[in-house]
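Colleague: Chain by chain, the residues:
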Amino acid sequence: MTVFGTGAATGSYDELENTDVILVWGSNTQECHPIIFNHMRRGIKNGVKMVVIDPRKIDQTKLAHKYLPVRVGTDIALANAMGNVIIEEGLVNLKFIQHATKEFQLYKDAVKQYTPEYAEKITGVPADDIREIARLYATAEKATICWTLGITEHHNGTENVFSLINLALLTGHIGKYGSALNPLRGQNNVQGGGDMGALPNRLVGGWDYDDPQGRELHQRVWGTPIPEEMGKHQTLMLDAMEKKEIRALYVIGENPVQSDADGNYVQKVFNNLEFLVVQDILMTKTAMLADVVLPATGWAENDGTITNSERRIQRVRPALKGPGLARHDHVIVQDIANKMGANWSYQSAEEIWEEIRILAPNFAGITYKRIDKEGGLQWPCYDENHQGTTYLHSRLWSDQVGMKARFVPSHYQPPAEVPDQEYPLTLTTGRRLQFYNTGVQTRYYKKVKNAEEALEIHPDDAALFEFHDGEAVRVTSRRGSVVTKIRISKKQPRGLVFMSFHFPDQANTNLLTNHATDPLAGTAEFKACAVKIEKVGDDTSLSEAH
Amino acid sequence: MDVQTKQVETICSFCGTGCGLTVEVENEKITKVKGHKENPSSHGETCVKGALGWGYINSERRLTEPLIRKNGKLIPASWNEALTLIAEKFSALKAQYGPDAFGCFSSSRSTNELNYLAGKFMRTVIGTNNIDSCNRT
Numbered sequence: 163m164t165v166f167g168t169g170a171a172t173g174s175y176d177e178l179e180n181t182d183v184i185l186v187w188g189s190n191t192q193e194c195h196p197i198i199f200n201h202m203r204r205g206i207k208n209g210v211k212m213v214v215i216d217p218r219k220i221d222q223t224k225l226a227h228k229y230l231p232v233r234v235g236t237d238i239a240l241a242n243a244m245g246n247v248i249i250e251e252g253l254v255n256l257k258f259i260q261h262a263t264k265e266f267q268l269y270k271d272a273v274k275q276y277t278p279e280y281a282e283k284i285t286g287v288p289a290d291d292i293r294e295i296a297r298l299y300a301t302a303e304k305a306t307i308c309w310t311l312g313i314t315e316h317h318n319g320t321e322n323v324f325s326l327i328n329l330a331l332l333t334g335h336i337g338k339y340g341s342a343l344n345p346l347r348g349q350n351n352v353q354g355g356g357d358m359g360a361l362p363n364r365l366v367g368g369w370d371y372d373d374p375q376g377r378e379l380h381q382r383v384w385g386t387p388i389p390e391e392m393g394k395h396q397t398l399m400l401d402a403m404e405k406k407e408i409r410a411l412y413v414i415g416e417n418p419v420q421s422d423a424d425g426n427y428v429q430k431v432f433n434n435l436e437f438l439v440v441q442d443i444l445m446t447k448t449a450m451l452a453d454v455v456l457p458a459t460g461w462a463e464n465d466g467t468i469t470n471s472e473r474r475i476q477r478v479r480p481a482l483k484g485p486g487l488a489r490h491d492h493v494i495v496q497d498i499a500n501k502m503g504a505n506w507s508y509q510s511a512e513e514i515w516e517e518i519r520i521l522a523p524n525f526a527g528i529t530y531k532r533i534d535k536e537g538g539l540q541w542p543c544y545d546e547n548h549q550g551t552t553y554l555h556s557r558l559w560s561d562q563v564g565m566k567a568r569f570v571p572s573h574y575q576p577p578a579e580v581p582d583q584e585y586p587l588t589l590t591t592g593r594r595l596q597f598y599n600t601g602v603q604t605r606y607y608k609k610v611k612n613a614e615e616a617l618e619i620h621p622d623d624a625a626l627f628e629f630h631d632g633e634a635v636r637v638t639s640r641r642g643s644v645v646t647k648i649r650i651s652k653k654q655p656r657g658l659v660f661m662s663f664h665f666p667d668q669a670n671t672n673l674l675t676n677h678a679t680d681p682l683a684g685t686a687e688f689k690a691c692a693v694k695i696e697k698v699g700d701d702t703s704l705s706e707a708h
Numbered sequence: 017m018d019v020q021t022k023q024v025e026t027i028c029s030f031c032g033t034g035c036g037l038t039v040e041v042e043n044e045k046i047t048k049v050k051g052h053k054e055n056p057s058s059h060g061e062t063c064v065k066g067a068l069g070w071g072y073i074n075s076e077r078r079l080t081e082p083l084i085r086k087n088g089k090l091i092p093a094s095w096n097e098a099l100t101l102i103a104e105k106f107s108a109l110k111a112q113y114g115p116d117a118f119g120c121f122s123s124s125r126s127t128n129e130l131n132y133l134a135g136k137f138m139r140t141v142i143g144t145n146n147i148d149s150c151n152r153t
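Those protein sequences? They're chains A and B, same order as listed. Here the first sequence stands for residues 163 to 708, where the numbers follow our numbering. Here the second sequence stands for residues 17 to 153, where the numbers follow our numbering.
Chain A extracted, bound-state conformation (with noise of 0.2 Å):
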């Protein structure tokens, strides 16, 4: 946001067929966005060159023209590195970074210091494998880079995205076909829950919340005044609740009880509340605590649209009615709404629709009938006869650049908590291919492989402490503590250990992860935070751990 304005990925799946490179960095593509993946692999069979960057030696590397192992949390020493090879051996754009760019300088001696050698010694990448990366990126014609929470779920997540986003500058792969910068999207619609404002400093559509122009048009739209302050992110929202600030929460389908990291702190700033109010699907931990729990309509229940990691907004139509008195989540909104005196009269998600698009210039082309027509549509779409934006920031090559993209410099910091002698390895998380987060819809599955935690560990490592494969280990951080299983892997690199958090009643991996978090985006670093293993006897059945 800070560079270009906007916050989605610029380019588009099927780019990623017609490019030359792509930088996977700290995104297990293949499990996690598999049919993404698919476009890679159909990519790389045309002849592009993946470079796969990652702590994990993943199951994608074997599709790698080259991969590097970078060590957890030291993403912005290697990039910075790139960045210092690129200018050392005049592979800049100067033309671009001269037309379309700014604070190039500042740049310029930030990186300086972050030699290859230097980084070798930070990242374990080797220095020759940095130039080599480095030179592929910047002389390919087209290259692009993808990225997921393996960057961004860091203390310092927001910036290492910028020192991805410096090296798309620093060579011009940015607004072109087949150039582009990609964040790919956890979840169905984290694109769009912040298209829409479901954020704490964004109106409708990407205005600033102190925006006059954004402001006057939602006040008007709206017909009453709108908060001056910027609001609370969900990290500072539970501080508050820890401080009695907040006294009140409204919680629609999501689970943080589970799923945010420090479990145990969550818990108890969640009994903190006065008044809890959980609207879902299904009974989880969090709704367990509430003081109202409404009943909500799920996946082929729903009514309406959701945007995905390319910026297009899609139907998602109910096939099904929904369970008992269950309502959809827009009409339970509304009716709360309503019992506190607002005057909404909404019939149906279309007339919500036609709302947005008078709030947000970007939406205002998208109709229902044009989706039902012509499909899911790209944004910013501007008016009906508008096709729709496959990639963002082509300005930056034309004679109208307008606002120039900043150069945003960012400096290595090593993660919030490091191995020590009393908790001697690193704990990273992600998720696992055919699961899927607290695992409140994926544990229904009735026929996969390996549907139970359990903790990924190099063969030394194990070796070191006389683990074995399958043996009951508790887990210990400075917060928690679970027990799960030993799975030794050749994933791991030495030190570092693998959890998912899908299974959270067998071993609640999040009691371990560090609330550590990313002053300028809110997000916690559950990529990274230190612990110790111990085995437990084997009268210690698994259950105990929770």
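It should be emphasised that the hints constitute simulated quantities derived from the structure, not laboratory data. By construction, the Cβ of each residue, glycine as well, lies at the ideal position given by its N, Cα and C atoms. Hints should not be assumed to be uniformly reliable.
A few chain B residues that face chain A, going by a derived Cβ cut-off under 7 Å, partial list only [what the hints assert, rightly or not]:
#	residue
1	SER29
2	ARG77
3	ARG85
4	LYS89
5	ARG139
6	ASN145
Sample of chain B residues with no beta-carbon within 10 Å of chain A, all distances over it, derived [to be verified]:
#	residue
7	VAL19
8	LYS65
9	ASN87
10	ASP116
With the hints as your guide, set chain B onto chain A.
Modeller: Chain B alone, transformed into the frame defined by chain A:
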């Protein structure tokens, strides 16, 4: 009894790829989910989660009626009872502590229309910008 069948085009509920799915329904039950060929993002493809991961919608843990906490226990209530209680408590807490004593965690799993209305509700009915979406549920 006649078998009522229909096909509905919708979008997958899992990751952010947004694959198009064709849902086959027979007598109000889903019988099959497959990739929707004409979808411009996924071109008919779907992964194991999209094709097979939807069983949760038939789970016995589905919420089917509003619940209200009485004497420490969540017990079934009518919609009117539940909504009236929320309106009374929200209004009383707003009068006592002001709008910034409220927060909303909105859902990155639900629709744009839900997220829009949740934002409008918090900003116009409650009067605070304390709303966030996007977390790992």
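Colleague: Are the hints correct? Go through all of them and say.
Modeller: Results for each hint:
no. : hint   : in the structure
1   : SER29  : 4 Å, holds
2   : ARG77  : 5 Å, holds
3   : ARG85  : 5 Å, holds
4   : LYS89  : 11 Å, violated
5   : ARG139 : 5 Å, holds
6   : ASN145 : 3 Å, holds
7   : VAL19  : 15 Å, holds
8   : LYS65  : 6 Å, violated
9   : ASN87  : 12 Å, holds
10  : ASP116 : 7 Å, violated
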